[in-house]
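Using the sequences provided together with the hints, build the complete structure.
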Amino acid sequence: MTTSNAFKIDSDLQAELGANQYLTFFLGGEEYGVNILKVQEIKGWTDVTPMPNTPDPVLGVINLRGTVVPIVELRSYFNLPKAARGATTVIIVVKVEDGRGGTRTLGMVVDSVSEVHNIPGDEIQPPPIGEENDRGVIEGLATVGERMIILLDIDDLMINGVLGLARKTAEIHE
Amino acid sequence: MEAVGRPMSMDLSEFLDVFLEECFEGLEVMESGLLNLDAGTDLEEVNTIFRAAHSIKGGSAAFGFNHISEFTHVMETLLDQLRSGKRPVDQGSVDLLLASVDVLREMVEGLKTDEAPDDDRVAGLRKKLEAVIASELESGEASPEPAGTCRDTESPGSEGPVRHWRIRLVPGKEMFREGNDPLALIRELKKLGELTVETRADGLPALAGLDPASCHLSWEARLTTAAGEDEIREIFAWLGEEAVVEIASGEASGHGREAQAGPEEAVTEPAAPASDVESKGTGTPPPVPEPESPPEPGKPATKKANGLKAVKSPANRESGSIRVSIEKVDLLINLVGELVITQSMLNQVGADILQEGGPRAEALLNGLAQLERNTRELQENVLQIRMLPISFAFNRFPRLVRDISNSLGKKVELVLTGEQTEVDKTVLEKIGDPLVHLVRNALDHGLETPEARRAAGKAEQGRLELSAQHESGNIVIRISDDGAGLNREKILRKAIEKGLVSEKDELSDERIDNLIFQPGFSTADKVSDLSGRGVGMDVVKRNINDLGGTVNIHSEPGKGSTVTIRLPLTLAILDGQLARVGGETYILPLISIVESLQIKPGNAKSVTGCGEVYRFRGEYIPIIRLDRLFGVRGATEDLYKGLLVVVETEGRHTGLFVDALLGQQQVVIKSLETNYRQLEGVSGATILGDGQVALILDIPGLVQLFHRQIHRPAELAAVS
Numbered sequence: 001m002t003t004s005n006a007f008k009i010d011s012d013l014q015a016e017l018g019a020n021q022y023l024t025f026f027l028g029g030e031e032y033g034v035n036i037l038k039v040q041e042i043k044g045w046t047d048v049t050p051m052p053n054t055p056d057p058v059l060g061v062i063n064l065r066g067t068v069v070p071i072v073e074l075r076s077y078f079n080l081p082k083a084a085r086g087a088t089t090v091i092i093v094v095k096v097e098d099g100r101g102g103t104r105t106l107g108m109v110v111d112s113v114s115e116v117h118n119i120p121g122d123e124i125q126p127p128p129i130g131e132e133n134d135r136g137v138i139e140g141l142a143t144v145g146e147r148m149i150i151l152l153d154i155d156d157l158m159i160n161g162v163l164g165l166a167r168k169t170a171e172i173h174e
Numbered sequence: 175m176e177a178v179g180r181p182m183s184m185d186l187s188e189f190l191d192v193f194l195e196e197c198f199e200g201l202e203v204m205e206s207g208l209l210n211l212d213a214g215t216d217l218e219e220v221n222t223i224f225r226a227a228h229s230i231k232g233g234s235a236a237f238g239f240n241h242i243s244e245f246t247h248v249m250e251t252l253l254d255q256l257r258s259g260k261r262p263v264d265q266g267s268v269d270l271l272l273a274s275v276d277v278l279r280e281m282v283e284g285l286k287t288d289e290a291p292d293d294d295r296v297a298g299l300r301k302k303l304e305a306v307i308a309s310e311l312e313s314g315e316a317s318p319e320p321a322g323t324c325r326d327t328e329s330p331g332s333e334g335p336v337r338h339w340r341i342r343l344v345p346g347k348e349m350f351r352e353g354n355d356p357l358a359l360i361r362e363l364k365k366l367g368e369l370t371v372e373t374r375a376d377g378l379p380a381l382a383g384l385d386p387a388s389c390h391l392s393w394e395a396r397l398t399t400a401a402g403e404d405e406i407r408e409i410f411a412w413l414g415e416e417a418v419v420e421i422a423s424g425e426a427s428g429h430g431r432e433a434q435a436g437p438e439e440a441v442t443e444p445a446a447p448a449s450d451v452e453s454k455g456t457g458t459p460p461p462v463p464e465p466e467s468p469p470e471p472g473k474p475a476t477k478k479a480n481g482l483k484a485v486k487s488p489a490n491r492e493s494g495s496i497r498v499s500i501e502k503v504d505l506l507i508n509l510v511g512e513l514v515i516t517q518s519m520l521n522q523v524g525a526d527i528l529q530e531g532g533p534r535a536e537a538l539l540n541g542l543a544q545l546e547r548n549t550r551e552l553q554e555n556v557l558q559i560r561m562l563p564i565s566f567a568f569n570r571f572p573r574l575v576r577d578i579s580n581s582l583g584k585k586v587e588l589v590l591t592g593e594q595t596e597v598d599k600t601v602l603e604k605i606g607d608p609l610v611h612l613v614r615n616a617l618d619h620g621l622e623t624p625e626a627r628r629a630a631g632k633a634e635q636g637r638l639e640l641s642a643q644h645e646s647g648n649i650v651i652r653i654s655d656d657g658a659g660l661n662r663e664k665i666l667r668k669a670i671e672k673g674l675v676s677e678k679d680e681l682s683d684e685r686i687d688n689l690i691f692q693p694g695f696s697t698a699d700k701v702s703d704l705s706g707r708g709v710g711m712d713v714v715k716r717n718i719n720d721l722g723g724t725v726n727i728h729s730e731p732g733k734g735s736t737v738t739i740r741l742p743l744t745l746a747i748l749d750g751q752l753a754r755v756g757g758e759t760y761i762l763p764l765i766s767i768v769e770s771l772q773i774k775p776g777n778a779k780s781v782t783g784c785g786e787v788y789r790f791r792g793e794y795i796p797i798i799r800l801d802r803l804f805g806v807r808g809a810t811e812d813l814y815k816g817l818l819v820v821v822e823t824e825g826r827h828t829g830l831f832v833d834a835l836l837g838q839q840q841v842v843i844k845s846l847e848t849n850y851r852q853l854e855g856v857s858g859a860t861i862l863g864d865g866q867v868a869l870i871l872d873i874p875g876l877v878q879l880f881h882r883q884i885h886r887p888a889e890l891a892a893v894s
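Residue numbers (our numbering), protein chains in the order written: chain A, 1 to 174; chain B, 175 to 894.
Please keep in mind that the hints were generated in silico from the structure rather than gathered at the bench. Note that the Cβ used here is the ideal one computed from N, Cα and C, for glycine as well. Treat the hints with care, as some may be off.
Stated by the list, open to error - Okay, the calculated beta carbon distance ranges per label pair:
1) A:G164 to B:D526: 39 to 45 Å
2) A:N20 to B:E199: 49 to 55 Å
3) A:T103 to B:D292: 38 to 44 Å
Unchecked claim - Below, simulated BS3-like cross-link-like pairs (lysine-lysine); rule was C-alpha separation at most 30 Å, straight line:
4) B:K502 to A:K43
5) A:K95 to B:K585
6) B:K286 to B:K260
Okay, here's the thing in structure tokens:
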């Protein structure tokens, strides 16, 4: 019993540490961050099977060790200009909560991954209101050194943003 | 009557599902048993029904569902009279018990949905049951128990003279963990009569070796009661396998059947007491009475054994199977699916290596071939786990046919064949309702009344046959009757009336027969309870299509009709045709493909408002260009250079235009909804041998999508 308690404390501690850790990546010259607990893995670029009648940012699906995972082009979602896939282009696979007790696994294409930063909650500023391109998925802004990092609320981005867009697209076709 | 779902003292909710499942199984056992009682009376059959009722009673009492346990108790009393031979098995009591099974099923279903049962019906039926029980016992001294007081005490006095019993109880170490309370058992015993109990602590280990959660005690009791051995034994029915219960009659007078089991023999019989003494003081773990149950053949207590052996036999019968949650099985199926994909990836790599040559390439290929065989076998066997015999779906029909034919005044003989044919559990669950509908239809419309049959020179008793068999990777279910067959003239008239076909059409007999599967079609002269509301056959067809199956009817006027249902054995894998469109590979379900052909010049035409059409077997069918529908680039534009795959959905043919066909293979179906959402025209995805994802086409959805796009091209163009 003591071991399981110790383990629990340990995992609690880890969760607490992780809660402040953000994986950052580059997209169109800007640095974005997602909570590291949401990140399942980072994977190199791979060919995507397109799906019919889906919104532009949804590239298609890939096979992730037997699971069919949809891939989102973040550049397209944020209305950034298209870029050629380079050697650093990767897919960040995230596991997000759908708000109904389930989780979904999706991948997002980014220009390159940067690093992992420890950002305490009190150092995160709320996003400036009224910005055109935030689409309500920005958790806040943080400064590391001299750089600004845009922290994304990845649950909101994937569930309400991407899947919401997919729903609207499907409704138009119906 | 108590409210449903009384709060429980313990959190039993996680066991509730298991209990409910067992209840339904028990109810089925009771129902089929009762139906068999019609023919001839086998006391063992009554016993089976009794046991099923008894475990429902016990289980529901444990969960605090007193309304169920009380009702079951009354049923049990009647069953007990039947099994003891006090009451002959007659139609009246069988009907009453069948009706009680229905009510009981409603009550159990009510637990699931939190609906209170119909109290009046329950009370009414219960009165009837009690009346029957009382009528039998009018000569005896006991009267039926009044409502509300039914507990596990059987009415004392039903077993004849007062006797002395010696009862020895060695419950085994696990007793407390199994949730049993010795005191409760002793209290139950006390209800039967005069009781003295002695506790034996000689099995108690030294304090150091004492596990407080284990039971080391045993008890010896002397009971003076008029109750019979079965009633005493029933109190201990919930003890675990380990428990040793010996019951011996101290006074064999009056009943010669106890003569063999003298009290001394019974007490000294097991080896347990001896080992108790040996282990005492050594500090070794407490003695466990050997988990041998006393009533083994050849032991002194043979006569008594019959009772207990009978109770245990269902457990023995089931010992060859385990109950596993379906999620675990599905996980296993998924994992094996992965293995199959990995294996075919390795095969491709292996083929490349063989081309390069090298000394070890041969060995590698041999190994891969073996891996492939084993993987296939593994997959087949794992899929087998989900397979259940079709009898689970057929079982309800004897009752259904009996009830319906009685109410219609028809005489019907039901013949079931191929009940052991296995099919996937999901398919099995979903095929039940369509089958019921088809059987009702056959009884209502197909088979004639005895008078009409006699007039037509047939036997009065009609014949309804349900059969199931495997045919080339599918399960085929046939429902045939020897009734009047379909009235083609009437069907055709109705179809023309409804605008389904035009008068000029020349339709084959088969086409006409299958018109009954069209929506809103019914030729019944009068609307009855059973069928004939015009909804139904189209629903049947849709349900079967949803399962990836097909249905059609073949009828001969005056001789009867046969409905044939063809279903895939499993929903986890699919026989697919791989097709290339541009750079993409799509999978078409093989079952919906009619023909693949090259378009001959002149046979394809462009029609304003309808897109392109192709003349196929004398009928013009629309051509769906998959690349345009799905927005795929780089596909063949020239209709004469690609292939047209003619598919059938809802009785209509459609041509899918693809670049090329690649091959056929079984694919593991993966849902797109898990991580994304359902897509129109796509039923799922699979992973091909090269690791790429390919989409599986949903033919009916695709056709619908196409027709909508044809009708609103401008609107859609504006969106994209």
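Right, here's what the structure says about each hint:
| no. | hint | result |
| --- | --- | --- |
| 1 | A:G164 to B:D526: 39 to 45 Å | 44 Å, holds |
| 2 | A:N20 to B:E199: 49 to 55 Å | 53 Å, holds |
| 3 | A:T103 to B:D292: 38 to 44 Å | 43 Å, holds |
| 4 | B:K502 to A:K43 | 29 Å, holds |
| 5 | A:K95 to B:K585 | 62 Å, violated |
| 6 | B:K286 to B:K260 | 37 Å, violated |
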